[in-house]
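My request is simple: use the sequences and hints to build the entire structure.
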Amino acid sequence: MARRVMIVVAVVILVADQLTKYAVRTQISLHDSIEVIPGLFNLVHVRNTGAAFGFLNSADMANKQLLMTAIALVALGAISLYASQVGTRETLARAGLALILGGALGNLVDRASVGYVVDFVDVYWRSYHFWAFNVADSAITVGASLLILDMFVSGGNDVSTSV
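Residue numbers for the sequence shown follow my numbering, so the first one is 3 and each next one is one higher.
In short, the hints are calculated from the structure, not lab data. Don't be surprised by glycine CBs; every beta carbon is placed ideally from N, CA and C. Be aware that a few hints might be false.
[Unchecked claim] Computed spacing ranges between beta-carbons, pair by pair:
#: 1; residue 1: S31; residue 2: A146; range: 29 to 35 Å
#: 2; residue 1: F154; residue 2: Y24; range: 20 to 26 Å
#: 3; residue 1: V155; residue 2: V10; range: 21 to 27 Å
#: 4; residue 1: Q29; residue 2: T143; range: 22 to 28 Å
#: 5; residue 1: L69; residue 2: G89; range: 16 to 22 Å
#: 6; residue 1: L69; residue 2: S156; range: 31 to 37 Å
#: 7; residue 1: R5; residue 2: G117; range: 31 to 37 Å
#: 8; residue 1: S82; residue 2: M153; range: 15 to 21 Å
#: 9; residue 1: V10; residue 2: S147; range: 16 to 22 Å
#: 10; residue 1: A146; residue 2: R5; range: 27 to 33 Å
#: 11; residue 1: L68; residue 2: L42; range: 34 to 40 Å
Pasting the structure below:
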């Protein structure tokens, strides 16, 4: 996967993330819920001032927005550095990194501009609700899964060629 394609994928994720969050902010009141698939899936409007899976969301600390933005910037820098070193033939890894970069940028835009991330996908079963998430979170999760898959695939090839 060429670097240009990685950039396009990351930008598509960023734009899709921001458009869906804009739609949620303008169409669903804060803390409201719209049932989409009864017993399984709602659209909601919540604000996450913490990290993934609501970690630190309820923490009351000085400069939390600055801290969360700084952490996101450092992570984005590390991911970008790693992406620049991955070979063009490592398609799974490059696709995963492109998704992670797009997702990280989407959530960073929110954190830097308003101090929280808009989450809106509520998946649940009976009374158990998974943490609400968004397009950026989904891209990061799929991207990380592709990176893990790439480790198994390329790791297996490395072992077989060295024996």
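With respect to the beta-carbon atoms only, verify the hint that S82 and M153 lie 15 to 21 Å apart.
At 19 Å between Cβs, range holds.
Hint says 31 to 37 Å; check whether the CB-CB distance for L69 and S156 agrees.
Since the Cβ atoms of L69 and S156 sit about 35 Å apart, the hinted range of 31 to 37 Å holds.
Check the following: the C-beta atoms of A146 and R5 are separated by a distance inside 27 to 33 Å.
Taking Cβ atoms as reference, A146 and R5 lie about 20 Å apart, which means the hint is violated.
Quick check: does the Cβ-Cβ distance between F154 and Y24 fall within 20 to 26 Å?
violated, 37 Å
Quick one: are Q29 and T143 within 22 to 28 Å, going by C-beta?
holds, 25 Å
Indicate whether the distance between the beta carbons of V10 and S147 respects the range 16 to 22 Å.
holds, 20 Å
Is the gap between the beta carbons of S31 and A146 within 29 to 35 Å?
holds, 32 Å
21 to 27 Å as the expected CB spacing between V10 and V155, which holds or is violated:
Since the Cβ atoms of V155 and V10 sit about 24 Å apart, the hinted range of 21 to 27 Å holds.
Within 16 to 22 Å: is that where the Cβ-Cβ distance between L69 and G89 falls?
violated, 35 Å
Could you see if the CB distance from L68 to L42 stays within 34 to 40 Å?
About 37 Å separates the Cβ atoms of L68 and L42, which means 34 to 40 Å holds.
The hint says 31 to 37 Å between R5 and G117; measuring C-beta to C-beta, is that right?
holds, 32 Å
When held up to the earlier numbered hints, the structure conflicts with 2, 5 and 10 and fits the remainder.
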